[in-house]
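J.: Here is what each chain is made of, one letter per residue.
2 protein chains.
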Amino acid sequence: MPLSGFPEWLPPQRMIEQYVLDRIRSTFELYGFAPLDTRAVEPIDQLLRKGETSKEVYLLRRLQEDADSRGEETLGLHFDLTVPFARFVLENAGKLVFPFRRYQIQKVWRGERPQDGRYREFLQADIDVVDRDTLPFHYDTEMPLVILDALRGTPVPPLRVRVNNRKLCEGFYRGLGLSGADEVLRIMDKLDKNGPDAVTSQLVSSVGASEAQARACLDLAGISSADASFADRVRALGVTDPLLDEGLDELVQVLDAAFEAERGHVVADLSIARGLDYYTGTVYETFMQGYESYGSICSGGRYENLASSAKERFPGVGISIGVSRMLGVLFGHQALAVSRAVPTCVLVALIDEEHRSSAQRIAAALRGRGIATEVSPSAAKYGKQIRFAERRGIPYVWFPGADGAPDSVKDIRSGKQDEADAEVWEPPAEDRLPLITGA
Amino acid sequence: MPLSGFPEWLPPQRMIEQYVLDRIRSTFELYGFAPLDTRAVEPIDQLLRKGETSKEVYLLRRLQEDADSRGEETLGLHFDLTVPFARFVLENAGKLVFPFRRYQIQKVWRGERPQDGRYREFLQADIDVVDRDTLPFHYDTEMPLVILDALRGTPVPPLRVRVNNRKLCEGFYRGLGLSGADEVLRIMDKLDKNGPDAVTSQLVSSVGASEAQARACLDLAGISSADASFADRVRALGVTDPLLDEGLDELVQVLDAAFEAERGHVVADLSIARGLDYYTGTVYETFMQGYESYGSICSGGRYENLASSAKERFPGVGISIGVSRMLGVLFGHQALAVSRAVPTCVLVALIDEEHRSSAQRIAAALRGRGIATEVSPSAAKYGKQIRFAERRGIPYVWFPGADGAPDSVKDIRSGKQDEADAEVWEPPAEDRLPLITGA
Numbered sequence: 001m002p003l004s005g006f007p008e009w010l011p012p013q014r015m016i017e018q019y020v021l022d023r024i025r026s027t028f029e030l031y032g033f034a035p036l037d038t039r040a041v042e043p044i045d046q047l048l049r050k051g052e053t054s055k056e057v058y059l060l061r062r063l064q065e066d067a068d069s070r071g072e073e074t075l076g077l078h079f080d081l082t083v084p085f086a087r088f089v090l091e092n093a094g095k096l097v098f099p100f101r102r103y104q105i106q107k108v109w110r111g112e113r114p115q116d117g118r119y120r121e122f123l124q125a126d127i128d129v130v131d132r133d134t135l136p137f138h139y140d141t142e143m144p145l146v147i148l149d150a151l152r153g154t155p156v157p158p159l160r161v162r163v164n165n166r167k168l169c170e171g172f173y174r175g176l177g178l179s180g181a182d183e184v185l186r187i188m189d190k191l192d193k194n195g196p197d198a199v200t201s202q203l204v205s206s207v208g209a210s211e212a213q214a215r216a217c218l219d220l221a222g223i224s225s226a227d228a229s230f231a232d233r234v235r236a237l238g239v240t241d242p243l244l245d246e247g248l249d250e251l252v253q254v255l256d257a258a259f260e261a262e263r264g265h266v267v268a269d270l271s272i273a274r275g276l277d278y279y280t281g282t283v284y285e286t287f288m289q290g291y292e293s294y295g296s297i298c299s300g301g302r303y304e305n306l307a308s309s310a311k312e313r314f315p316g317v318g319i320s321i322g323v324s325r326m327l328g329v330l331f332g333h334q335a336l337a338v339s340r341a342v343p344t345c346v347l348v349a350l351i352d353e354e355h356r357s358s359a360q361r362i363a364a365a366l367r368g369r370g371i372a373t374e375v376s377p378s379a380a381k382y383g384k385q386i387r388f389a390e391r392r393g394i395p396y397v398w399f400p401g402a403d404g405a406p407d408s409v410k411d412i413r414s415g416k417q418d419e420a421d422a423e424v425w426e427p428p429a430e431d432r433l434p435l436i437t438g439a
Numbered sequence: 001m002p003l004s005g006f007p008e009w010l011p012p013q014r015m016i017e018q019y020v021l022d023r024i025r026s027t028f029e030l031y032g033f034a035p036l037d038t039r040a041v042e043p044i045d046q047l048l049r050k051g052e053t054s055k056e057v058y059l060l061r062r063l064q065e066d067a068d069s070r071g072e073e074t075l076g077l078h079f080d081l082t083v084p085f086a087r088f089v090l091e092n093a094g095k096l097v098f099p100f101r102r103y104q105i106q107k108v109w110r111g112e113r114p115q116d117g118r119y120r121e122f123l124q125a126d127i128d129v130v131d132r133d134t135l136p137f138h139y140d141t142e143m144p145l146v147i148l149d150a151l152r153g154t155p156v157p158p159l160r161v162r163v164n165n166r167k168l169c170e171g172f173y174r175g176l177g178l179s180g181a182d183e184v185l186r187i188m189d190k191l192d193k194n195g196p197d198a199v200t201s202q203l204v205s206s207v208g209a210s211e212a213q214a215r216a217c218l219d220l221a222g223i224s225s226a227d228a229s230f231a232d233r234v235r236a237l238g239v240t241d242p243l244l245d246e247g248l249d250e251l252v253q254v255l256d257a258a259f260e261a262e263r264g265h266v267v268a269d270l271s272i273a274r275g276l277d278y279y280t281g282t283v284y285e286t287f288m289q290g291y292e293s294y295g296s297i298c299s300g301g302r303y304e305n306l307a308s309s310a311k312e313r314f315p316g317v318g319i320s321i322g323v324s325r326m327l328g329v330l331f332g333h334q335a336l337a338v339s340r341a342v343p344t345c346v347l348v349a350l351i352d353e354e355h356r357s358s359a360q361r362i363a364a365a366l367r368g369r370g371i372a373t374e375v376s377p378s379a380a381k382y383g384k385q386i387r388f389a390e391r392r393g394i395p396y397v398w399f400p401g402a403d404g405a406p407d408s409v410k411d412i413r414s415g416k417q418d419e420a421d422a423e424v425w426e427p428p429a430e431d432r433l434p435l436i437t438g439a
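Sequence lines, in order, name chains A and B. Just so you know, we're using our numbering here: the first sequence kicks off at 1 and counts up by one. Just so you know, we're using our numbering here: the second sequence kicks off at 1 and counts up by one.
Worth double-checking, as some hints may not be accurate.
EDC-like, lysine to aspartate or glutamate: derived pairs with alpha carbons at most 16 Å apart [to be verified]:
(1) B/Lys381 with B/Asp352
(2) B/Lys190 with B/Asp277
(3) B/Lys95 with A/Glu8
(4) A/Lys107 with A/Asp80
(5) A/Lys311 with A/Asp131
(6) B/Lys95 with B/Glu312
(7) B/Lys381 with B/Glu353
(8) A/Lys190 with A/Asp277
(9) B/Lys107 with A/Glu121
(10) A/Lys107 with A/Glu8
(11) A/Lys95 with B/Glu8
(12) A/Lys107 with B/Glu121
Hints in this document: simulated from the structure, not taken from any laboratory. The structure presented is a predicted model; accordingly, all values stated were derived computationally and were not measured.
Chain A with its partners taken away, still in its complex shape:
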């Protein structure tokens, strides 16, 4: 029985997912991010240290727990990859070289109520850079560019990264004379969901904002631009504060760097807030063009204090592709397709069971040149063997020659059949691997 919130793809969908993951990973490596894989569990106090999602955690217990188990640490499944990464950095700081760039592609879990229909298990692909004591700001400008590069050329629709900066918002609220910036951010985060009237009355009742202050917060959230011009519109609101200036300067840097390499794909959007508590500056959300209503599929930001102990501090910046979420939306719209249901390019037909080992030798020769090959499961009539290939989308059937006659290979889509030698034959380049396309 399927379990609500635990998506499972059929093999063709998993082939598409693998293809997208391969592209993501090879791009991360091209930018010098080193691979990391952390354990799925953390002590519960680690998990509850930070972030709004901490309430939706799965805790573990051993089926065989007994008197001996008392005093064992309570473990929970990680709900993101940033908190485990911060723990790993603190734990292994002496063995790493900084600045440390790593990527991490793993499942995460959230202990949501099954009836809420949210994902309870999903795959994330994260990059982060951390450094000791301070981390140069230029890394904040790099994150969206890596993500855009990773998914360009895949059949995933074009992305738009929306960027904001918490210093900018907090400085603006302070400059306005509002206290409780965290609470203002939390209220503003629900603007999309609750609408301007509800947000205004919450600002008035929760943080004691005047009508004018509330209107200024809404004006700020209404500003967006695909270049650095947002900064002038913010300044035109007439609020001044040193932290606001710092945030403006940082966000301008992100936009300037993107404007050269990714014009139009990175926009400043001052309504972006992000739920997690640990962000302290830049925040990112990313939307697929045409699928904006499904929410952000790639988020992240700058965190100054997440990886910190009493003695050391490793500020970082990172971004995380919600792979399951992104593909779940696209699968739901039949927006992605794959040309066959198996990796196999060639099926070697069998004349009779006695010829299985010579068929295996043909298969081995093809595999030796990287051509995925299966031998027919049985020596059924050739028509049945061809149907085996057809049902899986395998494009070629190989017929071993009988009694010294040459082998031949048939493209079962066109029906074209040619003599072939397993030691040298090559399929057309586009048939070698399953082809992933937008549907």
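Since the structure of chain A is already known, use the hints to place chain B on it.
T.: Just chain B now, kept in the frame of chain A:
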């Protein structure tokens, strides 16, 4: 704090693991296995259906459990990939085509007591083939060949797959006049651990064996051969039974198929039992040559009834590489090495911060040809920038030419520096990717 039983590798080790996983996966695909990834959790009754390991399961509960949660199904983390695969096949039988070949590379969890020092989280790489109603035996002969192919050419030491057949053993015990074959198998499984004397007295006390019957069981377990000659030695023991004959015939087929392609790497070993209850015929264990005492790193077998409902049956055969276990042993012996600690091949040096965007353009040109490139984190003195590369094992530092002079690239191992153009320069093939070697 490291958690006992939850291994975590540093990035260089993870790079080695990724390399091994890539080899395994591409080989699985060359043989036509389709990718599958199942959820990490199963309802507890699924997990407790089969297998000795069922006692060492992690159960989940939501931190936020409340009155509404009563009646939610109890979920546990899967302890292998075969049980979830069997469940997936039954659940999706109408959407799959049979015989169905799939691979699955995922973590599994066992709720061991922390003080026992066993792995509680580890990575497995499985292949299985299932068919409706019956599955031809030739798939049993294919499994070890795929595994040997997958790890050949990697720095993992040569493997030896030891194969046995439960029909052979059960038929032999029955032909001997012993009843309770399952119990005999369980006792014989501990032969290595408990020694022949303890096993003899257990056979006498537990299943009422005579001294002669116990001796015959030990004689059988003492037989092994790298070709089909084991069968004559079994027959020389003078026991006859139709199930014994069937098992002998099957095991001979495995050895014959392997003898052609993998002489010496597959041996019949009649002492192999395997702990899990669901195996019904062929069983495999695999040892790294020189590391035999660390136990099997790749196991599996034939299961006739695992994927069965009241109406349908999908017999299967599969094998599973214990990736964490295999690499854990080799890492422990410093037996594997990687040429650098990051994917990066080239570091682009920075003259000053103002030249960061032109350095980014150089990096983009190199990445465009698949050359992993980072830009220097800061415009420190060149000596410091070169040390940044050295500490990570990055082989090349790129110096952008000042004032229209051409760029140059320096191999920092040899000190050799040459003029270079980012649009065409290629590193030597062996420097393109980190090199994984036996240490």
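J.: It remains to establish, for every hint, whether it holds in the given structure.
T.: Against the structure, the hints come out as follows:
no.: 1; hint: B/Lys381 with B/Asp352; result: holds, 10 Å
no.: 2; hint: B/Lys190 with B/Asp277; result: holds, 15 Å
no.: 3; hint: B/Lys95 with A/Glu8; result: holds, 13 Å
no.: 4; hint: A/Lys107 with A/Asp80; result: holds, 8 Å
no.: 5; hint: A/Lys311 with A/Asp131; result: holds, 14 Å
no.: 6; hint: B/Lys95 with B/Glu312; result: holds, 15 Å
no.: 7; hint: B/Lys381 with B/Glu353; result: holds, 12 Å
no.: 8; hint: A/Lys190 with A/Asp277; result: holds, 15 Å
no.: 9; hint: B/Lys107 with A/Glu121; result: holds, 14 Å
no.: 10; hint: A/Lys107 with A/Glu8; result: holds, 13 Å
no.: 11; hint: A/Lys95 with B/Glu8; result: holds, 13 Å
no.: 12; hint: A/Lys107 with B/Glu121; result: holds, 14 Å
Hint check: no violations occur; every hint is consistent with the structure.
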